[in-house]
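Novice: Sequence:
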Amino acid sequence: MGWYHNRSVKTKLIATLGLVMLLAFGALIGTNVIQLYNVSIANGEYAAREEAMKGAAGFEKQLNAYSSSLHTLEQLLIDASKEQLLSREDAVQILTAELLRHPHAQGIFTIWEPNTFDGQDAANKNNQGYGDESGRFSPFITRSGDTVAVAPLSGYETEGSGDYYLIPKSTKQPYWGEPFPFSINGAEKVMTSIVLPILDEQETFQGIIGIMLSLEQLQQTAIELDPFGGFTSIISSDGMMVANGRYPDEIMTHYGEHSEERSLIWSSVQQGDLTHYSLDRSGAEVIRLFTPVFIDEVENPWMLSTVINRSVILEGFYNELTNSIIIAVVALLLLAALLYFSIQSIVKQLRAVNAMSQRLSEGDFTNKLTVKHRDEFGLMAGHLNDMIENLRQTVRKVSEHSLSVGATSEQLMASAEQTSQAAETIASSIQEVASGAETQRQNAQESSRAMTEMAVGIQRIAESASSVSDSTSAVSGKTREGHSHIQSAVQQISVVAASVESSSEVIKRLSEQSDTIGKFVQVITGISSQTNILALNAAIEASRVGEHGRGFAVVAEEVRKLAVQSNEAAIQIAELVESIQLETKQAVEAMQQGSVDVAQGVRSVQESGQIFASILHEMETVSTQISEVSAAAEQMSASSEQVSATITQLEHIADTSADNAQSVASASEEQLATMEEINAAATSLSAMVQELIELMEKFKT
Numbered sequence: 001m002g003w004y005h006n007r008s009v010k011t012k013l014i015a016t017l018g019l020v021m022l023l024a025f026g027a028l029i030g031t032n033v034i035q036l037y038n039v040s041i042a043n044g045e046y047a048a049r050e051e052a053m054k055g056a057a058g059f060e061k062q063l064n065a066y067s068s069s070l071h072t073l074e075q076l077l078i079d080a081s082k083e084q085l086l087s088r089e090d091a092v093q094i095l096t097a098e099l100l101r102h103p104h105a106q107g108i109f110t111i112w113e114p115n116t117f118d119g120q121d122a123a124n125k126n127n128q129g130y131g132d133e134s135g136r137f138s139p140f141i142t143r144s145g146d147t148v149a150v151a152p153l154s155g156y157e158t159e160g161s162g163d164y165y166l167i168p169k170s171t172k173q174p175y176w177g178e179p180f181p182f183s184i185n186g187a188e189k190v191m192t193s194i195v196l197p198i199l200d201e202q203e204t205f206q207g208i209i210g211i212m213l214s215l216e217q218l219q220q221t222a223i224e225l226d227p228f229g230g231f232t233s234i235i236s237s238d239g240m241m242v243a244n245g246r247y248p249d250e251i252m253t254h255y256g257e258h259s260e261e262r263s264l265i266w267s268s269v270q271q272g273d274l275t276h277y278s279l280d281r282s283g284a285e286v287i288r289l290f291t292p293v294f295i296d297e298v299e300n301p302w303m304l305s306t307v308i309n310r311s312v313i314l315e316g317f318y319n320e321l322t323n324s325i326i327i328a329v330v331a332l333l334l335l336a337a338l339l340y341f342s343i344q345s346i347v348k349q350l351r352a353v354n355a356m357s358q359r360l361s362e363g364d365f366t367n368k369l370t371v372k373h374r375d376e377f378g379l380m381a382g383h384l385n386d387m388i389e390n391l392r393q394t395v396r397k398v399s400e401h402s403l404s405v406g407a408t409s410e411q412l413m414a415s416a417e418q419t420s421q422a423a424e425t426i427a428s429s430i431q432e433v434a435s436g437a438e439t440q441r442q443n444a445q446e447s448s449r450a451m452t453e454m455a456v457g458i459q460r461i462a463e464s465a466s467s468v469s470d471s472t473s474a475v476s477g478k479t480r481e482g483h484s485h486i487q488s489a490v491q492q493i494s495v496v497a498a499s500v501e502s503s504s505e506v507i508k509r510l511s512e513q514s515d516t517i518g519k520f521v522q523v524i525t526g527i528s529s530q531t532n533i534l535a536l537n538a539a540i541e542a543s544r545v546g547e548h549g550r551g552f553a554v555v556a557e558e559v560r561k562l563a564v565q566s567n568e569a570a571i572q573i574a575e576l577v578e579s580i581q582l583e584t585k586q587a588v589e590a591m592q593q594g595s596v597d598v599a600q601g602v603r604s605v606q607e608s609g610q611i612f613a614s615i616l617h618e619m620e621t622v623s624t625q626i627s628e629v630s631a632a633a634e635q636m637s638a639s640s641e642q643v644s645a646t647i648t649q650l651e652h653i654a655d656t657s658a659d660n661a662q663s664v665a666s667a668s669e670e671q672l673a674t675m676e677e678i679n680a681a682a683t684s685l686s687a688m689v690q691e692l693i694e695l696m697e698k699f700k701t
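Note that the sequence shown covers residues 1 to 701 in full-length UniProt numbering.
The reader is advised that the hints may include incorrect statements.
Derived SDA-like pairs: lysine to any residue, alpha-carbon spacing no greater than 20 Å straight-line [unchecked claim]:
1) Lys-61 x Gly-272
2) Lys-189 x Gln-219
3) Lys-348 x His-383
Label-pair distances were calculated between CB atoms; the ranges are [stated by the list, open to error]:
4) Leu-85 x Asp-280: 20 to 30 Å
5) Glu-188 x Asp-280: 22 to 32 Å
6) Gly-229 x Ser-324: 20 to 30 Å
7) Gln-586 x Ala-613: 24 to 34 Å
Keep in mind that the hints were calculated from the coordinates and are not lab data.
Even glycine gets a Cβ: it sits at the ideal position worked out from N, Cα and C.
Sequences are here, hints too, so could you generate the full structure?
Specialist: Written as structure tokens, this is what we have:
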């Protein structure tokens, strides 16, 4: 709100009215959009429902064509049975002809109650195509391409597999069977059947007649039905997916098993709710319309599910929404322009009044507002002009009176100024005397305290100097003793350094002799190697001589062994010499480092001796100076006592002078205060008159 309050009137009006317009237009557009959306949804659902009903009507027409054919056959067979006009062979031929008339039908069948068709069940037991084991007339005609086969039905009295017979028998109503797999020439196909009960004139159940249809044709029908770019599905009364124009993989699966949402949708459909919005498998939002498909008087119809993208249904809505937004924006801009110029006109008049107010605040009463209109702004300008004229007259009178008062205040201020200056001079002089006396008294007191403290300090200095002198004498003695010990240490370290140097030379000579021994060992190793080779050669030559050289070979072998032992001993000696050389080298390095360290120690001890000599000399000098300080401190102590007595007398005299000057200064200050009040009043009056004159000069009349 702080931002709003600090804005101009123009900005406030534009912001407020603009916000109101936006809210009003937003509410209007929102209401229209909601209404348009509802209408678009209703129209879209209606159009989609119309398309779905057209598809369902076409589907029903196909199915009812089969149902109509079955009704015709039903009546024909009832009449033939009643009058005994047709044999079983004739009936099968009629059924076969009807099957061939419907290219999408895969089979046609009829089952009659015992001895109901022609009373010849006993004669037709196990009659292929014309009677089952009991002889009942139950032919089932199927085809595969152009081939037709006839066989009796069986198992129709069994609950479950025989529902197509048992249910019409019990309800006496048409029956539309659930999809079931059926094998034709080894190929399994999905089938459904439409069954009608055969009733006589007394509504007595005589049997059934039905037709078996392949769902491949239904799948083709579902593919061809694509209302608004969507797709259709055919669902049995129990929720089995019979055909699906977009997702054929869902055929022969239950509609609700693919998602929980679809399971809930199917439950709602069975309750009569045939319109649903949900998501498709692709994630798109769709509308699902369910249209019942009836055959004759079947109680549980199949469903034709039409799925259309919601965006297609709302395409008209989005177009209308775009147009509405464009119209609203254009209207809003035009209204905003009209509002802007209206506000600009109002603000222009406010700015004129504001400019006049600013000139009045600066003291300019020479201008007036121009009155062009008789509206509220015109009346306000007239009243403002009257106020300016009244203020102009008032300012003139105040200016004249202020000049007269100003002259009188200046005379009073001049007289008060002279009197005040005289009183101030007297008071200042007396105050200086009193201040000087007071200062003298304080200085005397401080000097007395300082001299007392100085005397005490000098006494302490004398005592400390005496104590330090004693300590210095003791330190000098210790220093002489330390200097003597240092000299002894220097001599001893010099002896150690000479011993270390001698040991180092001995170890160096030992290292050189080890090197010589190593060379001798290498020579011995070479000789033993040559001896070994010569012994081997001698052994070889002895072996060539044979028996006569055996003794020589033994001697050569012993010589060879001796050479080997000599070589091994030489190697051990070489290793030992090498170890001695290594340790000797380390000892040489250690002795060299020891020599360096001893030399450094000699230098350090010598330097310490020099430092002790310097300390001894300085301590003797300090002892002499401390003795002199002690004597001087005793003399200063005696002099400070005399100065302290003199300062005490000066302090007494300063107290008396300060008291007298203080009394005179108090009287002078009272007189000066009175004159200052008079002078301040005159000055204030003069300042107010001057300020008033300056204010009056600002006004232009």
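Novice: Each of the hints needs a verdict: does it hold here or not?
Specialist: Okay, the hints, checked on the actual structure:
no., hint, result
1, Lys-61 x Gly-272, "23 Å, violated"
2, Lys-189 x Gln-219, "12 Å, holds"
3, Lys-348 x His-383, "18 Å, holds"
4, Leu-85 x Asp-280: 20 to 30 Å, "57 Å, violated"
5, Glu-188 x Asp-280: 22 to 32 Å, "30 Å, holds"
6, Gly-229 x Ser-324: 20 to 30 Å, "25 Å, holds"
7, Gln-586 x Ala-613: 24 to 34 Å, "41 Å, violated"
In the structure shown, a violation is registered for the earlier hints numbered 1, 4, 7, in ascending order.
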